[in-house]
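Participant: The lines below spell out each chain.
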Amino acid sequence: MAYPYAAVSEPIVEMSGVDFAYGQRLVLKHISMTVARGTIVGLIGPNGGGKTTLVNLLLGLLTPTRGTVRLCGMPPSAAVRRGDVVGSLPQTPRTPKGFPISVRQLVRLGLVGKLGLLGRETADDLKRVEWLLEKVGIEELADVPIGSLSGGELQRAHIARALAAQPHVLLLDEPTTGIDRVGQDQFIQFLADLKQSLSLTVILVSHDLRTVAAVCDRLACLNVTLHYHDVPGNMPGELAREMFGVDLPEFRLEKMAR
Amino acid sequence: MMVQAVAILGDSSAGLDMLRAATASASVGVAGAVLSVFVVLRRWAYLGDGIAHAGFGGIGTAVLLSIAFPSLNNGPAIYLIATVFSLATALAVASISRRRAVSGDAAIGIFVAATLAWGFIAFGIHAHLGRGGPGGWEDYLLGSARGMSSAAAALAVALSAGIVLTVLALHRQIVLYCFDPELAQVTGVPVGLVHYLLILLVALVIIVGMRLSGNLLVPALLVLPGAAGLRVSRSMRVVMAVAIVASVAATVGGTAISRRWEFIAPGPAMVGVLFLEFLAAHFAGGRAKSQYD
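Chains as they are written, first to last, in the working numbering: chain A, -14 to 243; chain W, 24 to 316.
Isolated chain A (complex conformation) (with noise of 0.2 Å):
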């Protein structure tokens, strides 16, 4: 089983001179930003500094103040009812720890927006699934109730879910949050075996610089702005400095012994 967007290069996700404004509050001004298929992203900025915002723009839950949003051509809303463009691990997904679904049926979940309202899961459909249910380690859960996984076990199955229609792009907001740091290591290195095994188009949103340069092909510094967008190698000392309150050679050094 092979994931089908590797060979193509076009742009996914293409923001135009994007502002946002919650009332007379300015939270996004003037972004502007291409991703590439096959690259992930790490987009990286302060607690309140729009991150979570612009997810939700791409996810079209906003409508921007300005500006354009794109997914593949198409205005977010639209993409997003097609079922097969995006998909998504909320912040803090919502996860009702008694509800009675198994590990392979919230993946299967992820399909549905895709079947349209009368349509049936194909025969690939069901394989696909349980060849991501394997792809993200957790198979032998296949059949656990959801309330009985850990936080790293449930994380990969909501992975697993967001990837079950083959979308063109993941988004990831702050996936790492609440994860203890051997968790952390963990999910870095699965995402590493994702990239390389599927080349994914992959959106990551982290307030953490360490997750983020671990695994991504370019970063996206948010605050308000967009402050910087480009390869990690290249990203300015003092903008680390001054926006995470690290020393990047340090953090090059960490990086590097990976």
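Note that these hints are calculated values from the structure, not bench results. C-beta: ideal position from N, C-alpha, C; glycine also. Watch out, some of these pointers could steer you wrong.
As the list claims (entries may be wrong) - Computed from the model, here is a short list of chain A residues facing chain W with C-beta under 7 Å: (1) P31; (2) L44; (3) T48; (4) G52; (5) A63; (6) V65; (7) R66; (8) G68; (9) I86; (10) V97; (11) V129; (12) F175; (13) R195.
Keeping the supplied structure of chain A fixed, place chain W upon it in accordance with the hints.
Facilitator: Showing chain W alone in chain A's frame:
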């Protein structure tokens, strides 16, 4: 009771009456059980109360209208007006909670209070004008297991079947919506449609069940079976099966109890059985979970 039931069935007219009531009860029981699982998961337990009590305002309206239009002073007309009132309230609650103008539970609380108040005012005016209290209103409040026409029973079965088939057809969307509405939206589910449809289906169960178990207690059909099922299992199929069995046993059992002991109305009898079933599920579920963990 069994002997009594056989004796009743032996009398063909009483037997047919019982059969109609039992068939209608069982079908409403199945539809209510299927929806109750989603009502509990979506934390809409209070929604049924809101819609059912709106029917009380509808009855008050019908009673007042019957002063000007005496032809409306009959069971079907009053039931129809209560139905329109309940559906309008369901749509109003759905719309207000969807727009988040106020929270869902506040929207329901507002309509429960307003429609109950209007019902009592209307009854007061009716009595003040020397017309006395409305006839047979206890049946509306607590239900009636007698005198159901074949057409009414057939309508109950058809509506219940329609509700179950709709849920079956859209179960993927409904499950994802109940799991997390925002996740459903970003997965591509038309959540507005699912939201209104689910509330409309709840309203239909209330309307159909109101005739049998009464305005006051019909919301229990939309909470207790699902709550019992969810205590027992974390598998959707098992939860649904337990809810359906519990609900049918309670609706048919309640109807039979009410026919055997006429001083007990069917609504309270059904809820009594449901509550005992819930207690059993609660204790059985507690044991099963402690073994599981």
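Participant: Against this structure, judge whether each hint is valid.
Facilitator: Consistency of the hints with the structure:
1. P31: Cβ of A/P31 sits 24 Å from chain W, so the hint is violated.
2. L44: A/L44 check passes; min Cβ-Cβ to chain W is 5 Å, inside 7 Å.
3. T48: violated, 14 Å
4. G52: Violated, because the Cβ-Cβ distance from A/G52 to chain W comes to roughly 21 Å (cut-off 7 Å).
5. A63: Not OK, violated: A/A63 not within 7 Å of chain W, min 10 Å.
6. V65: holds, 6 Å
7. R66: Holds: closest Cβ of chain W sits about 5 Å from A/R66, inside 7 Å.
8. G68: holds, 3 Å
9. I86: Result: holds, 6 Å to nearest chain W Cβ.
10. V97: This hint holds: A/V97 lies near chain W, its Cβ roughly 5 Å from the closest one there, short of 7 Å.
11. V129: violated, 9 Å
12. F175: At about 21 Å, which exceeds the 7 Å cut-off, the nearest Cβ of chain W leaves the hint on A/F175 violated.
13. R195: Hint violated; A/R195 Cβ to chain W Cβ min 27 Å, cut 7 Å.
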